[in-house]
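> One letter stands for each residue in the lines below.
Protein chains: 4
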Amino acid sequence: MSSSIHFPPCTVVLAYSGGLDTSCILVWLKEEGYDVITYLANIGQVEDFDAAKKKAESLGAKKVFIEDLRAEFVEEFIWPSVQASAIYEDRYLLGTSVARPCIARRQIQIARQEGAQYVSHGATGKGNDQIRFELTCYALYPEVQIIAPWRIPEFYNRFVGRKDLMEYAEKHGIPVPVTPKAPWSMDANLMHISYESGILENPKSHAPADLYLMTKNPEDAPNSPDVLEIEFKKGVPIKVTHVKEGKSKDTPLDIFSYLNEMGGRHGVGRIDIVENRFIGMKSRGIYETPGGTILYHAHLDIETFTMDREVRRIKQGLGVKFAEMLYNGFWYSPECEFVRHCIDKSQESVEGKVQLSVFKGQVYILGRESPKSLYNEELVSMDVQGDYDPCDASGFIKINAVRFVRLSLPGQLPASPGI
Amino acid sequence: MSSSIHFPPCTVVLAYSGGLDTSCILVWLKEEGYDVITYLANIGQVEDFDAAKKKAESLGAKKVFIEDLRAEFVEEFIWPSVQASAIYEDRYLLGTSVARPCIARRQIQIARQEGAQYVSHGATGKGNDQIRFELTCYALYPEVQIIAPWRIPEFYNRFVGRKDLMEYAEKHGIPVPVTPKAPWSMDANLMHISYESGILENPKSHAPADLYLMTKNPEDAPNSPDVLEIEFKKGVPIKVTHVKEGKSKDTPLDIFSYLNEMGGRHGVGRIDIVENRFIGMKSRGIYETPGGTILYHAHLDIETFTMDREVRRIKQGLGVKFAEMLYNGFWYSPECEFVRHCIDKSQESVEGKVQLSVFKGQVYILGRESPKSLYNEELVSMDVQGDYDPCDASGFIKINAVRFVRLSLPGQLPASPGI
Amino acid sequence: MSSSIHFPPCTVVLAYSGGLDTSCILVWLKEEGYDVITYLANIGQVEDFDAAKKKAESLGAKKVFIEDLRAEFVEEFIWPSVQASAIYEDRYLLGTSVARPCIARRQIQIARQEGAQYVSHGATGKGNDQIRFELTCYALYPEVQIIAPWRIPEFYNRFVGRKDLMEYAEKHGIPVPVTPKAPWSMDANLMHISYESGILENPKSHAPADLYLMTKNPEDAPNSPDVLEIEFKKGVPIKVTHVKEGKSKDTPLDIFSYLNEMGGRHGVGRIDIVENRFIGMKSRGIYETPGGTILYHAHLDIETFTMDREVRRIKQGLGVKFAEMLYNGFWYSPECEFVRHCIDKSQESVEGKVQLSVFKGQVYILGRESPKSLYNEELVSMDVQGDYDPCDASGFIKINAVRFVRLSLPGQLPASPGI
Amino acid sequence: MSSSIHFPPCTVVLAYSGGLDTSCILVWLKEEGYDVITYLANIGQVEDFDAAKKKAESLGAKKVFIEDLRAEFVEEFIWPSVQASAIYEDRYLLGTSVARPCIARRQIQIARQEGAQYVSHGATGKGNDQIRFELTCYALYPEVQIIAPWRIPEFYNRFVGRKDLMEYAEKHGIPVPVTPKAPWSMDANLMHISYESGILENPKSHAPADLYLMTKNPEDAPNSPDVLEIEFKKGVPIKVTHVKEGKSKDTPLDIFSYLNEMGGRHGVGRIDIVENRFIGMKSRGIYETPGGTILYHAHLDIETFTMDREVRRIKQGLGVKFAEMLYNGFWYSPECEFVRHCIDKSQESVEGKVQLSVFKGQVYILGRESPKSLYNEELVSMDVQGDYDPCDASGFIKINAVRFVRLSLPGQLPASPGI
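Residue numbers (full-length UniProt numbering), protein chains in the order written: chain A, 1 to 419; chain B, 1 to 419; chain C, 1 to 419; chain D, 1 to 419.
One should not assume that every hint holds.
Result set (PhoX-like, lysine-lysine): computed pairs, CA atoms no more than 25 Å apart in a straight line [said to hold, decoys possible]:
1. D:K171 <-> D:K181
2. B:K204 <-> A:K372
3. B:K204 <-> A:K247
4. A:K234 <-> C:K345
5. B:K204 <-> A:K204
Source of the hints: derived by calculation from the structure; they are not laboratory data.
So here's chain A without its partners, still in its complex pose (with noise of 0.2 Å):
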């Protein structure tokens, strides 16, 4: 692409943030003789989207685009989610990645509509977001064109750090932020923040403690818990109830609102992980979850109250290649549909209400009941023989044994020591 000047111009759909990077990048895109579009995705983060707008069209956007997607999050991503109990390399909720095909999503269905052809983001050479973002792109919009400044060398040359940013910046009246920039990067939404690079890239050192804006410190959190009632029908929550205080929300984008300030208030969900990116490095990344992580232990609840033992196995496993899809990017791909169409018809019984309490950082399940309950009260009951004949559990046994006979012959014993 580089400099060569287009006629007519072509036109970029701009995924911008408002702030240093994505201003430049689009005074850039300019300079490269692109109609930039700039569109910026509320997915529940705090921004002055007004300002954002304003400042887009000062520096010289076509057109602007702040769309409100939260209820679409919530219920197309988060709540698919909810229902795999994803989590990836068994820590990480997934926050930045369940967000990106979501946001990458309306930016095509925006150059669909507005005839452009190109698509840019901010997002760096090193991470997984550009490969969440593009490949949405290739899957929805196989002829796109991507600028991603950051591995075009004649940007990335150009900008080695911050200083040539800024200098870009005040050169072209782009205007600069005021306040120093914290010492790591963050990646703010709905459902969770991350932080990560800066001071956080060496592993030993520990987070500072004013680093999160989520949750609280859960030292400082409230010294009783709150006690919440979640109802689920299809693995997913359909009310979330304060059950002292009698609110109740049944709305998704309310449910994990509410799960999000409930959490919050109680430090829930804060993590500290060394991760793999798909691009095959590990990295270093602190998050918090608050709702995210309410709701990952109260769905397990209800899903093994609720589903079959070997059902929920099978079930676990298209969960975990989940995470890894959803981690990777690869949301729209025939895979990712194929165990999203699975999973859910999984959660067809997974139905009832888990009651819990959040307090000083943690979530504990309280009890649960269900209608679709394959748990049977007389059946386990110690008290009650009930049907059950504990003369076939020999049987059983005795049967489960049968392949150990053969291998016990002298000479193959187990070598375990002391015997």
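With chain A's structure known, arrange chains B, C and D on it following the hints.
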């Protein structure tokens, strides 16, 4: 077996707890004509072992074995579970399951050494423990005969309720417990205490606050965290240090006991779950696993830090299988031996130090370091380009999207709403 | 149950084959006080159904059901297995396993309709079939009582060998077979014939050449191949055409029967294996599955042609699980219903035509075409560059190698000899 | 790199085949200023190695390496694949894939020994081989620079078709092939020959009968089988015997060559498939793998005979993963080293003898025996009850059905038609 008196009397090794049930079984076995050897394993439960010994002798046990298995329980059973990140159905750390093969192994050793062809236990006919005990017995001593009174009609029809046991006890001079039985049953060892049955059988009822014996109620726990550093080698802890106090432990039993103390003090490791028994029914269990929970988190952290991504993915799948085997009682099976070997191999480079804090029921990872780290601070840095060429990412993404091309023809577009 | 005579007599539905064993069981059940309804399923085995009917009536069956299940066997049981590429332990196409739930389902329907609370079968106590029958019964009719004489001591201790059965038969007017029994047992249906036991129990002995009834000895098969074209839709065959003769079949039963004829003529689908029974022992089995083998290969071909790589990878894993469930008797289990649903979903685009030849025991795929093909001739062509940019591959490879970098430091080199 | 001449000239080790393509690359690299060392691996392909040597020298190669890798190819690469039952997408025995790391490893050894920082190959930009070569190179020699001319625009734009190569060859004194090129490309080694491209790119076209070089057309193969006995130890063949002729082979290379001869004579191991490349596209390939196919079947048989069922189930999953790694080029990756270690462990008891016949394209297993057999003839016998108590099976089945009970309440019945 039933009412026939054997001449000369056969010898049975009874897993004896000192409680009402196994005391009655002891006497009943004698009535049935057996010579009874009692065996009580010390795996870290709170118990008056001397009193139990005397009681068994007074009830006519031919021999009494009290065996301190704590060190081997930690080294040979808990440590491999830590390496495997063994967790059943995403939540249960398997504290009961992992003790069973340890206990049964020694029981079999005693049976062989004493020339006994029979072993007996007091596990119920609906539970997992009968399976765990007996599969171990059959694997290590295929010719053994197992007497499980709670599955023998003439026994369980005679002792339908606790009242029957009490009457039998009184009649046979078995000391009857003076304190009333808790309205639930519990199983304790070094790794955890489990609570189930009785009033806990209603899955909706909250557990009473005074249930827990191993961990403090988080609400009553100290208001400031303790910070620990755990050092790992080959995937197992070799040292734990209290960072502020400078105190440290470095033998397996001491390390684990100290982690129990720290975790217990801060209320770490309580869960309330419904789980799927091997026998096919769902049951509700409440567990407290203070030290095990700390180790689970610390090990996960150092493992991800030092293990290749794809190796870990395979190891994770093996760990899930290992947890199922362990839960179902297959520790001494060919497949479990195989999986333990593979997991052990995967842990060769899992070494380094993890810093963490325990506070109000929660474990927080703070930082980690390792001579075997695969984390490359320069490679991942946002500020340093290093050897990494961002342009490569473009090719990587495009090739990953090749599969989508054909899928995007008309009629094959993902059917997500809004597109 | 045993010797007690029931008043009024209970009704039992007996799966009756017309042979010596189940004829004796019929009479024995009557002796035990049952009203016996016999049920014989036509699932494609060679059998004189009229003679069997008369025999059952003459032996005192209260009612006799002869049910032609061939069409539903193909459509509802074989077709899903084809979709799943169901193969047990990499070799066995599950011809016996897949028939069992089909047979037992009708037996249960008859039992419910006739108000019978008992069902009975002549399967042995060491095999898989008892499990497959009974799990189906319990799943579809949980209150059912199952009478499995070969697991009832008073039956199996009375009929220790074939001689005992013969004597009993003579005594009770049961017609005794005049031809000597083959020195092995066999099970036949539309999908396959299996041979086991007797002289086949020695795993080293070669199977006699005259064993096979469904397929020609490849040495005696025609010296030129037959070329067939099979058309699939949603993963199941909808038409088979003999390319030279122009002859074609297009109903499930006709298609499968014709493939059996063609495969049989050319000796296709013979295997001699040792397999692992669910009950824990290894057994030796010899199978001939002519039509099923052709379909297995043809379906595999059209599936790979039309299914996305990653979807297929997941589906392959589900297929392995499905085969295990099928083998173990869990067709009517929640997990098998779930997996069938998922596999069915994966087959939506599996359509097109496969040409193949059958010759001397072998199936050769010759070519394939499909309107839903994901094969892109231009993309893959060595002569056309198309949209594909070879430079992208460089980035793809380099990013895939990022993980190796840190691993190549001194001391971490792969320890392969010579490097 | 392009047109810059390096002083002093850099050295590149070129994987040289002696054909037109790599001869042109040799000369082109010299033009580009490199000192070129050619390297030709003998992995069992039919080739005039002397002529290739002379040709390379005459074209200006600074040094010429002809390396006989056949023995290490069999022992270090084919044998582990046999142990793993490595098969890609259920059909392809990976004959090309398994040769690549073997070839590239030596190339890297030569590069290191000769102080060359560059390696080059003639693999195309759309295929798998480029990845397999290069991942091996990066893993074993991370600092290496790879020159892949078919991915360098100035090369591939200059040589668009074969005509361009011919002209270049004539101009630079490169001997031009006199026989016309086959209308497909092939790759041959000891394990197999693959055919693809050209007229084979149409997936519907049948392969011409004269394509195959390694196997006889089954129609022309002998009319009577050869019977072989293969002896295994630790999962690899240690001896093959022609049962009638008494002839035997017992070194890896001899064993494998002899199996190729036998399989080739009988037309064993031909497949025609569409497969999924790592690069994301589907391609059509035709393969003949005579010896490898025999070994695949024989190993499967002895493995099932000697390996515990559940161990094998886990090993099977690892084998599927291994096959994918192998296909995708990850032989020298941490995960593949790990999986090979695990699979190797699983093979410890895989020993014994398998008798089989090869005939008209097919391999028939006839019988097997082993000192490590887990097959228990008495246990499985229909005529002997042995230790096995059939009553145990009743309990086993009932406990397995416990999960179904709750599922059979009204409204939860399986929705299969007819029930």
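> Now tell me, hint by hint, if it's right for this structure.
Hints, one by one, checked against the model:
{"no.": "1", "hint": "D:K171 <-> D:K181", "result": "holds, 20 Å"}
{"no.": "2", "hint": "B:K204 <-> A:K372", "result": "holds, 14 Å"}
{"no.": "3", "hint": "B:K204 <-> A:K247", "result": "holds, 21 Å"}
{"no.": "4", "hint": "A:K234 <-> C:K345", "result": "holds, 19 Å"}
{"no.": "5", "hint": "B:K204 <-> A:K204", "result": "violated, 43 Å"}
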